[in-house]
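Enquirer: Construct the complete structure from the given sequences, taking the supplied hints into account.
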Amino acid sequence: MSAGDGMTTTRRGDALAAARYLAPAALVLVGLLGYPMYQLVLISFYDYGQEQASAGAPLTFIGFDNYQRLFSEPQFWGVLGQTVAFAAACVAGTLLVGGALAVLASRVRAVPRTLLFLAALGAWATPAVAGSTVWLFLFDADLGLVNEVLVGLGIHDMAGYSWTYDKLVAFALVAGEVIWCSFPFVMVTLYAGIRAIPAEVLEAATLDGASTWRATRSVVLPLLRPLIAVATIQSIIWDFKLFTQIYVMTGGGGVAGQNLVLNVYAYQQAFAASDYGLGSAIGVVMTVVLLVVTLFYLRALRRRGEELA
Amino acid sequence: MRWLRRPGRAAAEVLTVVIAGVVAFPLYWMVLTALKPEGEVLSANPRPWTLAPTWDNFHRVLTVSGFGRFFLNSVVVALVVVALSLVLSFLAAVALTRFRFRGRTVLLVMLLVAQMVPVEALTIPLFFVMRIVGETAPVFGVNHLGSLVLVHLAFSLPFAVWMLRGFVAAVPVELEEAAALDGASRFRFTWQVLFPIVAPGLVASSVLSFIHAWNDFLFAKTFVTVEESQTLPLAILVFFKPDQNDWGAIMAGSTLMTIPVLVFFVLVQRRLVSGLAGAVKG
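Going down the list, the sequences are from chains A and B. Going by our numbering, the first sequence opens with residue 1, and the numbers climb by one from there. Going by our numbering, the second sequence opens with residue 310, and the numbers climb by one from there.
There may be inaccurate statements among the hints.
Said to hold, decoys possible - Distance condition first, Cα-Cα at most 20 Å in a straight line; then the derived DMTMM-like pairs of lysine to aspartate or glutamate:
| hint | chain 1 | residue 1 | chain 2 | residue 2 |
| --- | --- | --- | --- | --- |
| 1 | B | K550 | A | D142 |
| 2 | B | K550 | B | E536 |
| 3 | A | K167 | A | D140 |
| 4 | B | K550 | B | D365 |
| 5 | B | K550 | A | D140 |
| 6 | B | K550 | B | E322 |
The set of hints was computed from the structure by calculation and includes no laboratory data.
Expert: Dropping the structure here:
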């Protein structure tokens, strides 16, 4: 895969030089990613509350008590379930919108395509906090444009309708914002992939009598599969640990915490309720879930015979 | 791609333009609201234009709440993260592609795994780490910008290294051999030949590091509670009030927060796309 593999002349002292080049990055990653990871697991085994965090009270090792408490908490299972469902909806929406628009972009001329790409670039570039506030304002119950337009269309029930009151509606609103700012990555990636397919390949398929649909399904999709896999995994990782949008748009987890996702839940347990042990246990659960996703990803890569290095 | 061209292209193009309009609309609404006078912002019948644009909202944001200070804080954090991440990730990428040593594949797998780590879950231990760091080096401690620099550097490194790997690997080994024949040391080759060649990759990874640090909300919220070190995302939330949100100010603040990223994006748009493609193909 990489040109480096073709390097036959192994110089002496490579290991030493590599160590020097790697040292600064390694130091940062071990200190600020590796060590905290270890600490996260460690804290989850302790009774770690306000007194321990700020007053230096002695720590008590409590084994799996935090996990036991967490797993016997109905709210945790509810939050876990809705985090998975919410992330799945966001991932599916992002891939569908991004994929469909990539195909659309490949079928139109330069001017409309450029307009679409510029708009997408804008959405992509918008910081999560800014995007969340704009969407909130557009969907504001009294001052929002959306309700006004809907009322104008004759749907009078929408006057003063709150988009963040009902649990599912609030989730849908947040999902809308998330898809809006994350579909551009998928669109740009897949568009580049479509453009990279040699015209001869598709011409050959057409000559063999394949319809557009057939050519798309049997030629384009298999060729794009590696890119689609990458985009899917990136989206899963991104959407599963969403924090900002939920926090800003539902005011920290919605009415009575109905819109909590794992990340916000962990934050609340730790920094609002000062239960750092329980918060860490939630963090460990999140990490394990994402590691499992990663393992599937690595296996999928390997099965296709792709080398890592 | 002749196979895709069908009579329906005109319809497809109209559809494309309409979708572009829908996608861009929230941004338009944000800027428009920021420029509207207060009476129009708080009107129950919002109009998609304004006849009396005003800088009032921007003025209020920039003067009343010390927004300028927050803006500067955000810029400092993002730029320092970009500069450090550039050097560190480039060195690591060179080592991982140009040098042969045992354990290289293991390191690459770890790099991939590191990208999957839900960094948000590390907020709790990192908070304690920063508190300890702050006792010996206050600049990097809690409530100082250094703590934000450190965490964002750590979070942006794995992807930056991963992305640069593809760029460094694409440079032919012959070039290095030729440089070696000419008597250039490996160090000189790395900085004077390799570094400029992989510039597109460096630009792409820098943009991502910048955005990562610029957009951060969770760590800014957790690590910094004193006003003097706060960054933009939190400054915007100040205008959310229980009785009546100051939407004009919120939109003006959001606009100010979005513009630098937008400019950055448009400037490096092409390189960003090729950079991402390079990372994906790696």
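Enquirer: Run every hint past the structure and note whether it holds.
Expert: We went through each hint and held it up to the structure:
1. B:K550 / A:D142: Holds, at about 15 Å.
2. B:K550 / B:E536: holds, 18 Å
3. A:K167 / A:D140: holds, 16 Å
4. B:K550 / B:D365: holds, 19 Å
5. B:K550 / A:D140: holds, 14 Å
6. B:K550 / B:E322: violated, 43 Å
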